[in-house]
Amino acid sequence: MSFIDQQTKQEQLEKNVRIILAVICLAALALVARLWYLQVIRGGDYNLQAQNNRIRVRRMRALRGLVYDRHRRLLADNHPGFNLSLIPENVIDIESLAAAIQRHVPDLEAVDIIHRYGEIPRHLHYKPVKLKNNLDRDELARLAAHQSGLPGILVEIEPLRTYPFDDDCAHILGYLGFINEEELSQPAYESYYPDDLVGRTGIEAAYEEVLRGTDGKRQVEVNAMGREVRSHVLAAPTAGASLTLTIDIELQRHAATLLKELTGAIVALDPHTGDVLAMASSPTFSNNLFAARISREDWQRIHGNPLHPLQNRAIQGTYPPGSTFKPIVAAAALEDGVITERTAFFCNGTHKMGDTAFRCWNKYGHGGVDLGRSLKESCDVYYYNLGEQIPIDRIAHYAEMFGLGRETGIDLPEERPGLVPTSSWKLKHIHQQWYGGETLSVAIGQGYTTATPLQMAAAYVPLANGGTWFRPRLVRDIIRPETGGRIVTPAAPRGLEIDPRHLEKIRRALWRVVNEPRGTAHALGRQHPELEMAGKTGTAQVVRMGSGPPPDEEEIPWKYRDHAWFVGFAPFREPRIVVAALVEHGGHGGSAAGPLVSELIARYLGNGNEANERSGEP
Amino acid sequence: MSIRQPRISRIDGGLLLLCVILFTLGCLTIYSAAFDPDMASWLPHHCRRQLLWFVVGIGGMTIGFAIDYHLFEKIAYPVYALALILLVLVLLMGRTSMGATRWLTVAGLTFQPSELAKLAVIMALARYFSRRRIAPPYNLRELVIPFGLVAFPFLLIIRQPDLGTAMLVALISAAMIFAAGITRHSMTTICGLAGAAAAGGWHFLHDYQQQRILTFISPEMDPRGAGYHIAQSKIAVGSGGIWGKGFLKGTQTLLHFLPEQHTDFIFAVYAEQWGFLGGSLLIAVFLLFLLRGLTIGTEARDPFGSYLAIGITATFFWQFFINIGMVIGLMPVVGIPLPLFSYGGTSLLTSLTLIGILLNIHFRKKYF
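As given, the protein sequences belong to chains A and B, one line each in that order.
For the first sequence, counting from 1, position 604 maps to 654 in the working numbering; every step adds exactly one.
For the second sequence, counting from 1, position 49 maps to 364 in the working numbering; every step adds exactly one.
To be clear, the hints were calculated from the coordinates, so they are not data collected in a lab.
In this text, all values refer to a predicted model and were calculated from it rather than measured experimentally.
Among the hints, erroneous ones may be present.
[Unchecked claim] Calculated lysine-lysine pairs in the DSS-like style (CA-CA distance at most 27 Å, straight line): (1) A:K267 to A:K180; (2) B:K681 to A:K65; (3) B:K389 to B:K680; (4) A:K413 to A:K180; (5) B:K549 to A:K65; (6) A:K65 to A:K310; (7) A:K310 to A:K402; (8) A:K267 to B:K389; (9) A:K413 to A:K402.
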């Protein structure tokens, strides 16, 4: 590089640096001038603001949306709950205060209170620290009586979620839980704060976003001592939308009562919409216990129960459908042309395939059996014969058409899909070929096949209404409180690709089950002839029986007894309700589960006008 | 003939002293920001970490000083290329946090390639102008290559999106190009274009960025978010008055009204305690520091040294001006720390390394 080049560059540089220097000085001067303005000219103002008017924005929690049943009866409400807090800066003597609190509120340990007090940094002493949520009436009364002698405590009111029907529909509504730190760090919970409640199960979880509402903001001025001086609302909170459920709480309570001493589930559907009219699972739990922080003993009692009361058996319990599966096999056989209505098989009590003997539940045999009798008397041998003629994958095809083997899509979280086995399923999951004999088990609803009570109820909807499956729904509409805007959940029908004449033949056979002598549920028909009920019993084996005669039901230990099923609908001519009941280890379907269904249907139709007028009951 | 001076006197003691003064004041302010009357430890966590980083920074400074800066001239373009590659990599596989992708993780260490890009652009421009055979001032056509050198990293950083750093790169480069020489006509054209681009670029800004600028224009719009920061920051600074409230007596600081009070808003903590007098003094110290930087630039042995020193000085100037301007409500809120003052390891390490390079240029100047 030449010297001249360097020279001109240097000259140019020095000239420009002088300009840069001037700019820098001007910038510094601007900063100083601004400081002068803020600190000297307006210093007094700002000093006053610093002393007296410290502005903060506080959150106004939105009220959670309400939940109603189909007749607008309140199922989930918000009540004022009383919380006990401590204001550190007002405490005079923490030791005696803590002892007094322990006397009035026995849950709280004085040592813990003193320890927590010690951990609060000094600059946060103006802020209330929550000691207990949802004080009970006695605690509140004792505290109120002694409040003046207890400087430093504060009783605050916050909305508390309450469920008037408590354990009668706890599984449907679900419960709330406090948000945890892991969730708070996820983008999905961006607008949540620590101490917020979130729906954990049921409707509360499924409709969390809708029910939650939008929090508001309040601008608060605090003085130098940190006390609120003034506040005004920046944005009012918007309460969450309210939900109208499809259930009828009276029917729901009745279903819960019917199940009281049993383990199992009942589901009632409207066959023209898929509306869930009732859905009960037993044993149940009290969701009100979760609304405030649940106590350790309560949690352990619920969680430690071997029958898992938190599980909603209606959508999460999967059981072999037993004979309630037979109408689906019958539909498959008719539709695929394997049989006609008049095709008959002879039942002598067993059916031989190779070296294996498959037994009918009636060891004396049914004699000659056609389609109608096969369902009415639930002849197993008839279905073993069908199982030999219909390939497993065809049975699966029809079972899926009736909504088995996958979630129904009801608006509840964590529904289980059950299982409809196919040959490729077995190869993939058990790594074995499908054996012909297994199809025979499937044909009577045993083997790998499982379904939830909700799925079975939904599968009988097309049998009741003549061929349309509906996705079950729990929420009928969502109403925005501020605008009154209403979002209606539409019914979701799907027509079955099965000849309606075939379905009608099966439907008639299901009527005979209840209303003809020797029908497996004839006892129900005799008791409630006015219901015109149709249905099917089912008995799901828990343990595979060995050869030899089946032992007496009474002699088997409870947990090895069969599950009892009954799925029915009524009135036969124009069905208005479909009910599925499952009783775990209940024994025979007709006697254990059947009465639950007929009682519930009687209650439903009895409350309706039609049945009332006819029978003249009040 | 020149008389060889003793080597030790060729170290710029003035610059070192100013640097130590700034760091010490910064440390005291961080201490007061973390101060709590009931504090368990005499040395709060943040202070301890800052001192630890200072030791690491001294290492960086020594390296910046010890390597003959002419080596930087040789490796300028490879470093620039590396920086570009890293910026592309960060877009492809970087770690995303709060909507922006700025971090790369290599062997467990997380760093921001845009930090390296700043230095790389300074070195690349210094090298380019020092080897240029045409005499300055340059017109637009002659400046196509330097503009390109700036444009690539600028666009890649904006894409992350990190508007603050991208603007910083642009401003530093503008200062260097101006120092190297640009014709008056070209400058007018560029200012016009930049203004038009800023107006047009509004639509490409993210919502939160638009929000920040709107908030700056009218803080009342968002009393909770950035507006809250500015309002509280102004109250803290303003309530300091002429004399300040005294060391450890800042009420706004003690009650934690200020957000991020030991990092980006550290100047507010300082100004509340030391008032207008202390604030002006700090600005004066910074001014002296920048003056030293510019002087080192004009006295350097060769054009590369000059341009490098000016680029580094510009880096300090813009951070200093934007940060304080933001705290006292002259600038929108952008996440740029006050160099040598704010709490933060990366910032301190970078600053001390850059000062090492300034000392390096001064050390190797011509002594007659």
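Tested hints:
| no. | hint | verdict |
| --- | --- | --- |
| 1 | A:K267 to A:K180 | 21 Å, holds |
| 2 | B:K681 to A:K65 | 20 Å, holds |
| 3 | B:K389 to B:K680 | 18 Å, holds |
| 4 | A:K413 to A:K180 | 68 Å, violated |
| 5 | B:K549 to A:K65 | 38 Å, violated |
| 6 | A:K65 to A:K310 | 96 Å, violated |
| 7 | A:K310 to A:K402 | 42 Å, violated |
| 8 | A:K267 to B:K389 | 59 Å, violated |
| 9 | A:K413 to A:K402 | 14 Å, holds |
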